[in-house]
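A.B. asks: Each chain, letter by letter, is given below.
There are 2 protein chains.
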Amino acid sequence: MKGKLVVVSGFSGVGKGTVMKRLIEEYDNYALSVSATTRKPRPGEKEGVAYFFKTVEEFEELIAKDELVEYAKYVDNYYGTPKAFVDKMRNEGKDVLLEIEIQGALKIKDKFPDAVLIFITAPSAQVLRERLVGRGTEDEETVNKRLARARQEAEGACKYDYVVVNDVLEECVKTVDIIIKSAHNRTEDNLAIVEEIRRDLSK
Amino acid sequence: MKGKLVVVSGFSGVGKGTVMKRLIEEYDNYALSVSATTRKPRPGEKEGVAYFFKTVEEFEELIAKDELVEYAKYVDNYYGTPKAFVDKMRNEGKDVLLEIEIQGALKIKDKFPDAVLIFITAPSAQVLRERLVGRGTEDEETVNKRLARARQEAEGACKYDYVVVNDVLEECVKTVDIIIKSAHNRTEDNLAIVEEIRRDLSK
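As given, the protein sequences belong to chains A and B, one line each in that order. Take 6 as the starting number for the first sequence in the numbering used here and just add one per residue. Take 6 as the starting number for the second sequence in the numbering used here and just add one per residue.
If you are wondering where the hints come from, they were derived from the structure by calculation, not from laboratory data. Be aware that a few hints might be false.
[Claimed, not checked] In silico DSS-like links for lysine-lysine, alpha-carbon gap of 30 Å or less:
{"#": "1", "chain 1": "A", "residue 1": "Lys114", "chain 2": "B", "residue 2": "Lys70"}
{"#": "2", "chain 1": "A", "residue 1": "Lys7", "chain 2": "B", "residue 2": "Lys179"}
{"#": "3", "chain 1": "A", "residue 1": "Lys179", "chain 2": "B", "residue 2": "Lys70"}
{"#": "4", "chain 1": "B", "residue 1": "Lys26", "chain 2": "A", "residue 2": "Lys164"}
{"#": "5", "chain 1": "A", "residue 1": "Lys114", "chain 2": "B", "residue 2": "Lys93"}
{"#": "6", "chain 1": "B", "residue 1": "Lys208", "chain 2": "B", "residue 2": "Lys186"}
{"#": "7", "chain 1": "B", "residue 1": "Lys93", "chain 2": "B", "residue 2": "Lys70"}
{"#": "8", "chain 1": "B", "residue 1": "Lys51", "chain 2": "A", "residue 2": "Lys179"}
{"#": "9", "chain 1": "B", "residue 1": "Lys70", "chain 2": "A", "residue 2": "Lys78"}
{"#": "10", "chain 1": "B", "residue 1": "Lys78", "chain 2": "A", "residue 2": "Lys26"}
{"#": "11", "chain 1": "A", "residue 1": "Lys186", "chain 2": "B", "residue 2": "Lys150"}
{"#": "12", "chain 1": "B", "residue 1": "Lys208", "chain 2": "A", "residue 2": "Lys186"}
{"#": "13", "chain 1": "B", "residue 1": "Lys59", "chain 2": "A", "residue 2": "Lys99"}
{"#": "14", "chain 1": "A", "residue 1": "Lys208", "chain 2": "B", "residue 2": "Lys186"}
{"#": "15", "chain 1": "A", "residue 1": "Lys99", "chain 2": "B", "residue 2": "Lys186"}
{"#": "16", "chain 1": "B", "residue 1": "Lys26", "chain 2": "A", "residue 2": "Lys208"}
{"#": "17", "chain 1": "B", "residue 1": "Lys26", "chain 2": "B", "residue 2": "Lys59"}
{"#": "18", "chain 1": "A", "residue 1": "Lys112", "chain 2": "B", "residue 2": "Lys186"}
{"#": "19", "chain 1": "A", "residue 1": "Lys88", "chain 2": "A", "residue 2": "Lys114"}
{"#": "20", "chain 1": "B", "residue 1": "Lys59", "chain 2": "A", "residue 2": "Lys164"}
{"#": "21", "chain 1": "B", "residue 1": "Lys26", "chain 2": "A", "residue 2": "Lys112"}
{"#": "22", "chain 1": "A", "residue 1": "Lys164", "chain 2": "B", "residue 2": "Lys70"}
{"#": "23", "chain 1": "B", "residue 1": "Lys7", "chain 2": "A", "residue 2": "Lys116"}
{"#": "24", "chain 1": "A", "residue 1": "Lys114", "chain 2": "B", "residue 2": "Lys150"}
{"#": "25", "chain 1": "A", "residue 1": "Lys179", "chain 2": "B", "residue 2": "Lys78"}
{"#": "26", "chain 1": "A", "residue 1": "Lys179", "chain 2": "B", "residue 2": "Lys208"}
{"#": "27", "chain 1": "B", "residue 1": "Lys70", "chain 2": "A", "residue 2": "Lys186"}
{"#": "28", "chain 1": "A", "residue 1": "Lys93", "chain 2": "B", "residue 2": "Lys78"}
{"#": "29", "chain 1": "B", "residue 1": "Lys88", "chain 2": "A", "residue 2": "Lys114"}
{"#": "30", "chain 1": "A", "residue 1": "Lys208", "chain 2": "B", "residue 2": "Lys7"}
{"#": "31", "chain 1": "A", "residue 1": "Lys208", "chain 2": "A", "residue 2": "Lys164"}
{"#": "32", "chain 1": "A", "residue 1": "Lys186", "chain 2": "B", "residue 2": "Lys78"}
{"#": "33", "chain 1": "B", "residue 1": "Lys150", "chain 2": "B", "residue 2": "Lys99"}
{"#": "34", "chain 1": "A", "residue 1": "Lys116", "chain 2": "B", "residue 2": "Lys186"}
{"#": "35", "chain 1": "A", "residue 1": "Lys114", "chain 2": "B", "residue 2": "Lys116"}
{"#": "36", "chain 1": "B", "residue 1": "Lys112", "chain 2": "A", "residue 2": "Lys114"}
{"#": "37", "chain 1": "A", "residue 1": "Lys179", "chain 2": "B", "residue 2": "Lys179"}
{"#": "38", "chain 1": "B", "residue 1": "Lys114", "chain 2": "A", "residue 2": "Lys150"}
{"#": "39", "chain 1": "A", "residue 1": "Lys186", "chain 2": "B", "residue 2": "Lys114"}
{"#": "40", "chain 1": "B", "residue 1": "Lys26", "chain 2": "A", "residue 2": "Lys186"}
Here the structure is a predicted model, which means the values were calculated and not measured.
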């Protein structure tokens, strides 16, 4: 059975990364997509694990050769999803998790209508605001950019297939898991068996 | 959280009834809708458990008073779903399971676009044919009617949201359960929290 393409988005600081890490650790049907980006590596980020780090020239070559599932520019950096890796994993039956911004997510939905789009939200506005503002490590401009981005994300959430609240992490992980598993039973993926039956009964 | 309206259909003899019984027994979020019908009770069928048994006059009064979620006529008998019972259960947070024919299922989909439509199929044409023909207790006319109906059902399956194979009962039950549970996270049911966040961030 071919794996699903799963897009996970959500407000910054809402714990999407942790949710995806847990899915990978606790279930054997998931693979994490590794994105390409032109942003600089942060301390500890390894090539090919967190990201494939690219120069702008390299990234624009990937675009030109149509080797990306999607790409977007965010705060002066490119982010994109290399096709080859995603296809390989899906053909091995893995559900491939992409953590991407809303821009990229909606492009995926256009190109791959059977993709599963999941938006992860904080349990309340107060909790989200605390997470966005309260780290205390960022300057005002960064915080303002983050708030503006969260507003955009909130406006785009309605385009997703599912919204999941990350209040209790374990529950959120389980919910995301059953959403993805149940997507494998969507009718469009399972008509072959019914069609076989219809043909047999028409003999 | 309001319960979902869940329509379960599938080929005759495929074990839908058993799947639904197991859902009710093994999980506490399900309620079985009890249908009204004008067909005669079979031995052991109790009023208000298997069905509410009605005369044709009584049933047509339910229709006239718009007290049915849906109804259909099949093999000279009316079958329908009383509204009051379904609403009560859903308001108590129960996911209400309706086992109905394809005619009724598609009417439900029109009237309640958020209903979850699940079609249960046998694992192969051969298995289904054995189940339809092989009971050995029915005359040829009944078997032919059953085969004709199965063909109709196969043609209608594409209108459902999900198709689930009933090969190993336990797996089928689990799959139907996660399909219904995951439907509670559909975006349209969960935008209130995101909207609250959007408003807060726009202050």
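A.B. asks: Does A/Lys99 lie within 30 Å of B/Lys59 when you go C-alpha to C-alpha?
C.D. replies: Not satisfied, since the Cα-Cα distance of roughly 51 Å exceeds 30 Å.
A.B. asks: Given the hinted pair A/Lys99 and B/Lys186, is their Cα-Cα distance within 30 Å?
C.D. replies: holds, 22 Å
A.B. asks: Taking 30 Å as the top limit, are the C-alpha atoms of A/Lys208 and B/Lys7 close enough?
C.D. replies: violated, 45 Å
A.B. asks: Run the distance test for A/Lys186 versus B/Lys114: straight-line Cα separation, threshold 30 Å.
C.D. replies: holds, 23 Å
A.B. asks: Check whether the Cα positions of B/Lys208 and A/Lys186 lie no farther apart than 30 Å.
C.D. replies: Answer violated: B/Lys208 to A/Lys186 is near 38 Å, above 30 Å.
A.B. asks: Take a quick look at whether A/Lys186 and B/Lys150 sit within 30 Å of each other, Cα to Cα.
C.D. replies: Given pair A/Lys186, B/Lys150 is violated - Cα atoms ~36 Å apart, limit 30 Å.
A.B. asks: Going straight from one Cα to the other, do B/Lys112 and A/Lys114 come out at no more than 30 Å?
C.D. replies: Satisfied, since the Cα-Cα distance of roughly 29 Å is no more than 30 Å.
A.B. asks: Sort out whether B/Lys179 lies within 30 Å of A/Lys7, counting only the CA atoms.
C.D. replies: Within the cut-off at roughly 20 Å; holds.
A.B. asks: Do the alpha carbons of A/Lys114 and B/Lys70 lie within 30 Å of each other, as the hint requires?
C.D. replies: Violated - the C-alpha atoms of B/Lys70 and A/Lys114 are around 44 Å apart, more than 30 Å.
A.B. asks: Are the Cα positions of A/Lys93 and B/Lys78 separated by 30 Å at most?
C.D. replies: violated, 50 Å
A.B. asks: Decide if the proposed pair is consistent with the structure: B/Lys26 and A/Lys112, CA atoms, cutoff 30 Å inclusive.
C.D. replies: violated, 42 Å
A.B. asks: Are the Cα atoms of B/Lys26 and A/Lys164 separated by 30 Å or less?
C.D. replies: Violated, at roughly 36 Å.
Comparing the model with each earlier hint shows violations of hints 1, 3, 4, 5, 6, 8, 9, 10, 11, 12, 13, 14, 16, 20, 21, 22, 23, 24, 25, 26, 27, 28, 29, 30, 31, 32, 33, 38; every other hint is respected.
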